[in-house]
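Quick mapping for you: the protein sequence lines, in order, are chains W and R.
First residue of the first sequence: 1, per my numbering; consecutive thereafter.
First residue of the second sequence: 1, per my numbering; consecutive thereafter.
These are computed hints drawn from the structure, not numbers from a lab.
One or more of the hints may lead you astray.
Okay, derived cross-link-like pairs now, BS3-like style, lysine-lysine, Cα gap no bigger than 27 Å in a straight line [claimed, not checked]:
1. W/87 - W/146
2. W/146 - R/87
3. R/87 - W/87
None of these values were measured; they are calculated from a predicted model.
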Amino acid sequence: MRPVHHHPGFTITELLATLILLVMFFSAAGELFRSTILLSWGSQEFSNRGSQIDSALFQLRRDVWNSAQIAATNPRSVDLSSPDGTKTAWRIDLGSLTRTDARGQTERWASVGNDWSFSTDGVSLTISDTAPAPTRLPSQVLLTEKGTSMILERGHS
Amino acid sequence: MVTAIFLMSFTVMTLTVLMATIAAQSRRAQILGQDAQLRQLLTAGAAFAEAQLQSNSSGRFSVPLPEALRQLDADLTVEIQTPSDEKATADVQAALPHHRLSQRLSFSRQASGWRITDATLD
Numbered sequence: 001m002r003p004v005h006h007h008p009g010f011t012i013t014e015l016l017a018t019l020i021l022l023v024m025f026f027s028a029a030g031e032l033f034r035s036t037i038l039l040s041w042g043s044q045e046f047s048n049r050g051s052q053i054d055s056a057l058f059q060l061r062r063d064v065w066n067s068a069q070i071a072a073t074n075p076r077s078v079d080l081s082s083p084d085g086t087k088t089a090w091r092i093d094l095g096s097l098t099r100t101d102a103r104g105q106t107e108r109w110a111s112v113g114n115d116w117s118f119s120t121d122g123v124s125l126t127i128s129d130t131a132p133a134p135t136r137l138p139s140q141v142l143l144t145e146k147g148t149s150m151i152l153e154r155g156h157s
Numbered sequence: 001m002v003t004a005i006f007l008m009s010f011t012v013m014t015l016t017v018l019m020a021t022i023a024a025q026s027r028r029a030q031i032l033g034q035d036a037q038l039r040q041l042l043t044a045g046a047a048f049a050e051a052q053l054q055s056n057s058s059g060r061f062s063v064p065l066p067e068a069l070r071q072l073d074a075d076l077t078v079e080i081q082t083p084s085d086e087k088a089t090a091d092v093q094a095a096l097p098h099h100r101l102s103q104r105l106s107f108s109r110q111a112s113g114w115r116i117t118d119a120t121l122d
């Protein structure tokens, strides 16, 4: 009688279970890869956008700081006049923030200020956007003049 | 095995990017907060400079600060120069540890007293 040889093998259930595990594993790997790339890109975009906003705000703050008059003609534009009469205009249009100085030179920050709106209380420029608290940029000239007026009024009374 | 190593690398990379972004934003928020504090000090320095000018004082002054700011090692100095009877400048410097801001103010004398004519934030 010839001996019967049993070849070692896997049952169909084991193969199916392995296949399911592999599919789950590679699916998770794909998601992880996608998340890594998206996070890396998003982080860079976020950082670039933050830098652009900081740069625009730095310049706007300097202009407002030396303003003797702040005229927010509408929520999308503001005209700033320095004590020597030099005018600087800031506009939000076509998805970008634009600064035009007295010599007509223009500086543009793309994709900044889309959701901004300007308003003024006479001594500062207020920028409202989706943030819970607005950003307030004061004029040092107007604040100091206001202080002087108060001192003078106190002196006269 | 190779796939597992790749997966672990991706995880480490994701966590690193996430931590770096959080750290950078935290640092940025801290700097913005200090900037706001320094600008308030500059405004106080401007008021101080103007008060000194109205009483015809000039020279270098260290402005006394509230206890809360002294505990933060904040410092505010004002240097007033009057090159002529009609014009004056004041250099105001506000400092916190590792961070400082300054401005130059110009004043002109008018009938009602000294009036500010320029404020340049450095």
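Practice prompt. Could you tell me which of the hints above the structure violates, numbers in ascending order?
Written response: The structure conflicts with no hint, since it agrees with every one listed earlier.
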